Amino acid sequence: NAGVTQTPKFQVLKTGQSMTLQCAQDMNHEYMSWYRQDPGMGLRLIHYSVGAGITDQGEVPNGYNVSRSTTEDFPLRLLSAAPSQTSVYFCASSSKRTRAFFGQGTRLTVV
Amino acid sequence: DQQVKQNSPSLSVQEGRISILNCDYTNSMFDYFLWYKKYPAEGPTFLISISSIKDKNEDGRFTVFLNKSAKHLSLHIVPSQPGDSAVYFCAAVNYGGATNKLIFGTGTLLAVQP
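Chains as they are written, first to last, in the numbering used here: chain A, 3 to 113; chain B, 159 to 272.
It should be emphasised that the hints constitute simulated quantities derived from the structure, not laboratory data.
Some clues are possibly wrong.
Unchecked claim - Examples of chain B residues lying across from chain A (beta carbon under 10 angstroms, computed):
{"#": "1", "residue": "A199"}
{"#": "2", "residue": "D213"}
{"#": "3", "residue": "F223"}
{"#": "4", "residue": "A249"}
All values reported here derive from a predicted model rather than from experimental measurement.
Don't be surprised by glycine CBs; every beta carbon is placed ideally from N, CA and C.
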């Protein structure tokens, strides 16, 4: 009964480094999304996907890439980390017209 | 331009009293509204939702009211309990569209005092 699984839970990066945040869901949901949570800013949508092979930008996509090669996985790539990307990242999945389920989050610090 | 707004960053209530959390939206295309609850170091979890064709939905101690003409919704918690202390996010979605995208407000931190 895993639901949405995010790895890693914590990560510290140096400015300019790249990394991939992993997200996997086992509920056969077609919709997946990445959000970042910052103090006073709520949850802001970074990228989303409506199915395997289909992705699109959300509200704050700059500096991030995504791909969706399978229904289960939706990795988020930071190409060249910046201190402004220090945040808590959440992955979510859902089926059409149903509520979204969230992962436990990845706390990222860029120094 | 923020489509979903929660204007109260925090709220403090006494145990046993009513908690009222408010949310406003601007996009008339939203047809479903959801409330999520978030504890520290955990992901958001679904609490309650309401369709735009209804004005009230109740689930135990939690009731959501929707005023479509005012583009306003509120979450009532009665009676409030210390375990309700968390951040509450209002979210809106256009299920009639193709994306299922949830748009969130900035959240309200609820503190229920014993």
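Do the hints match the structure? See the list:
no.	hint	result
1	A199	holds, 7 angstroms
2	D213	violated, 20 angstroms
3	F223	violated, 19 angstroms
4	A249	holds, 8 angstroms
Comparing the model with each earlier hint shows violations of hints 2, 3; every other hint is respected.
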